[in-house]
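K.L.:
Sequence:
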Amino acid sequence: MEMTSLNRRQFVIGASMTAGSAFGGVGTVSAVTREKDDETAPSVIAHRGFAGVYPENTVRAARLASHTSKRRRETGKAGRASLGADMIEIDIVPTADGDIVVFHDDRLSGRDGGERGLTDASGVVWETPSEEVLAAEVLESGETVPRLSDVMDAIPKHVGVNIELKNPGSFDLQFATALSNDELEQQKEIWESFTEDALAIASEYENPILISSFYEAALATVREADPTLPIAFLFWDSIEEGLTVTRRYDCEAVHPPWNMIQDTPFFEDEYYTSGPFADIDLVEVAHAEDRAVNVYTIGTWYQAEQLAAAGVDGLISDYPALLSPR
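Numbering (the working numbering), first residue to last: 65 to 390.
The set of hints was computed from the structure by calculation and includes no laboratory data. All residues carry an ideal CB built from backbone N, CA and C; glycine is no exception. Any given hint might turn out to be false.
Said to hold, decoys possible - With a Cα cut of at most 20 Å, we get these calculated SDA-like pairs of lysine to any residue:
| # | residue 1 | residue 2 |
| --- | --- | --- |
| 1 | 252 | 326 |
| 2 | 252 | 234 |
| 3 | 221 | 128 |
| 4 | 221 | 288 |
| 5 | 252 | 314 |
| 6 | 252 | 291 |
| 7 | 221 | 270 |
| 8 | 221 | 314 |
| 9 | 221 | 265 |
| 10 | 221 | 162 |
| 11 | 221 | 267 |
| 12 | 252 | 239 |
| 13 | 221 | 171 |
| 14 | 252 | 269 |
| 15 | 252 | 268 |
| 16 | 221 | 124 |
| 17 | 252 | 238 |
| 18 | 252 | 221 |
| 19 | 221 | 268 |
| 20 | 252 | 305 |
| 21 | 252 | 240 |
| 22 | 252 | 289 |
| 23 | 252 | 311 |
| 24 | 221 | 269 |
| 25 | 252 | 235 |
| 26 | 252 | 264 |
Said to hold, decoys possible - FRET-style restraints, in silico, Cβ to Cβ:
| # | residue 1 | residue 2 | range |
| --- | --- | --- | --- |
| 27 | 173 | 260 | 28 to 34 Å |
| 28 | 124 | 181 | 16 to 22 Å |
| 29 | 180 | 267 | 33 to 39 Å |
| 30 | 345 | 213 | 16 to 22 Å |
| 31 | 327 | 186 | 29 to 35 Å |
| 32 | 311 | 180 | 37 to 43 Å |
| 33 | 217 | 338 | 36 to 42 Å |
| 34 | 301 | 203 | 39 to 45 Å |
| 35 | 250 | 332 | 43 to 49 Å |
| 36 | 235 | 124 | 26 to 32 Å |
| 37 | 162 | 206 | 24 to 30 Å |
| 38 | 186 | 343 | 17 to 23 Å |
| 39 | 253 | 180 | 31 to 37 Å |
| 40 | 246 | 131 | 27 to 33 Å |
Could you build the full structure based on these sequences and the hints that come with them?
P.N.:
Given below as structure tokens:
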């Protein structure tokens, strides 16, 4: 089945898969349901493999986050008590030798937010030989930085994988912004080889695949490599800028931060960035354009419940079971 024969929002939500994508062996995700009801919660996307409870972006995290509840297996629905993720979100960067590894930050010792100690090694990932990167222990967990293929091997084929193109190995990138034609061509040259290598690895697996990035040029290279592969732009500090890039590539999904969702008590609150944002109901606009809305990064049951009530399709979460009955 061609990806384009399915409802576009089916690519990035739900728990079951239809095989036979135009992208090698990669499948597509069928919807749990598009009509929200009392028995249906947003899909659960395990951020870095549920980084709040497992060592982030490791084989162990991917394996444990993939555990699927009996309810989901039997009904195909992401029930509110489900512990397993519908999709695993991971970040990828290259090593100095060109191996693609699952890692979030530029430096082995640095962590999101500036604190140190993510691994017991140091150095810029793409300036460090594969042998050293792959031996780096993550958060004193006994787990080491894995190759993309190692993580894919750990995820059952019915579980989706959201691969975030984090960095192709350069500090000369333009982040979370819409580019001019000249800028885009320059940036695409930086991304092309990395993107092609990543997609070649992903094509060896049957999992539903969604590619996301904060970088317009990254998504441009994905569209050129395979126009059928679902993509999502990660919003940062502007709803308008995010929609510009999203529409330019007709992305199947939008990935905004939780403080960009209207009809929640935390719209425009401080997160990585804060408002004021444009007076745009992103859920309403995205759904009118047939795009899924997957929101990052959820850390509390209250956020999860408010966002579910606002109508989002997916929760990119550090923790499982945030919508479980209490």
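K.L.:
Evaluate each hint against the coordinates.
P.N.:
These are the hints, each one checked on the structure:
For the given pair, residue 252 sits about 33 Å from residue 326 by alpha-carbon distance, which is inconsistent with the 20 Å threshold. The hinted pair formed by residue 252 and residue 234 meets the criterion: a straight-line CA distance of about 12 Å does not exceed 20 Å. For the proposed pair residue 221 and residue 128, the alpha carbon gap of about 14 Å is at most 20 Å, so the pair holds. A distance of roughly 25 Å separates the Cα atoms of residue 221 and residue 288; the hinted pair therefore is violated under the 20 Å criterion.
For the suggested pair residue 252 and residue 314, the alpha carbons sit about 18 Å apart, so the restraint of at most 20 Å is met. Taking the CA atoms of residue 252 and residue 291, the gap is near 16 Å; set against the 20 Å cutoff, the hint holds. Proposed proximity of residue 221 and residue 270 is supported: the alpha carbons are some 6 Å apart, at most 20 Å. Proximity of residue 221 to residue 314 is assessed by CA-CA distance (about 26 Å); at most 20 Å being required, the pair is judged violated.
The suggested pairing of residue 221 with residue 265 holds, with an alpha-carbon distance near 14 Å, which does not exceed 20 Å. Under the criterion of a C-alpha separation no larger than 20 Å, the hint pairing residue 221 with residue 162 is inconsistent with the structure, at around 26 Å. A hinted pair counts as satisfied when its Cα atoms are at most 20 Å apart, and residue 221 with residue 267 qualifies at roughly 12 Å. With a C-alpha separation of about 13 Å, the suggested pairing of residue 252 with residue 239 holds against the 20 Å cut-off.
The straight-line distance between the Cα atoms of residue 221 and residue 171 is roughly 31 Å, outside the 20 Å bound, and the hint therefore fails. For a cut-off of 20 Å, the pair hint linking residue 252 to residue 269 is broken: about 26 Å separates their Cα positions. Between residue 252 and residue 268, the direct Cα distance comes to roughly 24 Å. Violation of the 20 Å bound is thereby established for this hinted pair. Between residue 221 and residue 124 the alpha-carbon distance is near 16 Å, which keeps this suggested pair within the 20 Å criterion.
For a cut-off of 20 Å, the pair hint linking residue 252 to residue 238 stands: about 11 Å separates their Cα positions. Distance check on the hinted pair: residue 252 and residue 221 sit about 31 Å apart at the alpha-carbon level, beyond 20 Å; violated. Restraint check for residue 221 and residue 268: the C-alpha separation of about 11 Å stays at or below 20 Å, so the hint holds. With a C-alpha separation of about 19 Å, the suggested pairing of residue 252 with residue 305 holds against the 20 Å cut-off.
For the suggested pair residue 252 and residue 240, the alpha carbons sit about 14 Å apart, so the restraint of at most 20 Å is met. Simply put, residue 252 and residue 289 have alpha-carbon atoms about 12 Å apart, close enough for the 20 Å limit, and the pair holds. A C-alpha spacing of about 18 Å is found between residue 252 and residue 311, which places the hinted pair at or below 20 Å, so the restraint holds. With a C-alpha separation of about 7 Å, the suggested pairing of residue 221 with residue 269 holds against the 20 Å cut-off.
Simply put, residue 252 and residue 235 have alpha-carbon atoms about 14 Å apart, close enough for the 20 Å limit, and the pair holds. For the proposed pair residue 252 and residue 264, the alpha carbon gap of about 18 Å is at most 20 Å, so the pair holds. Range check, residue 173 to residue 260: about 29 Å between beta-carbon atoms, so the 28 to 34 Å window is met. The beta-carbon spacing between residue 124 and residue 181, approximately 18 Å, falls within the hinted interval of 16 to 22 Å.
For residue 180 and residue 267, the hinted distance range of 33 to 39 Å is satisfied, since their beta carbons lie about 36 Å from each other. Hint check: residue 345 to residue 213, Cβ distance near 40 Å, so the stated range 16 to 22 Å is violated. At about 45 Å, the CB distance of residue 327 to residue 186 disagrees with the hint of 29 to 35 Å. Between residue 311 and residue 180 the beta carbons are some 39 Å apart, a value that agrees with the proposed interval 37 to 43 Å.
Separated by about 40 Å at the C-beta atoms, residue 217 and residue 338 satisfy the suggested range of 36 to 42 Å. Taken as a hint, the range 39 to 45 Å is violated for the pair residue 301 and residue 203, whose Cβ atoms sit roughly 29 Å apart. For the pair residue 250 and residue 332, the supplied restraint of 43 to 49 Å is violated, since their beta-carbon distance comes to about 34 Å. Here the CB-CB span from residue 235 to residue 124 is close to 30 Å, well matched to the stated 26 to 32 Å.
In this structure, residue 162 and residue 206 meet the distance hint of 24 to 30 Å, their C-beta atoms being roughly 27 Å apart. For the hinted restraint 17 to 23 Å between residue 186 and residue 343, the CB-CB distance of approximately 45 Å leaves it violated. Checked against the hint of 31 to 37 Å, the pair residue 253 and residue 180 passes, with Cβ atoms roughly 33 Å apart. Evaluation of the 27 to 33 Å hint for residue 246 and residue 131 yields a failure: the beta carbon distance comes to about 47 Å.
When the structure is compared with the earlier hints, violations turn up for hints 1, 4, 8, 10, 13, 14, 15, 18, 30, 31, 34, 35, 38 and 40 and for no others.
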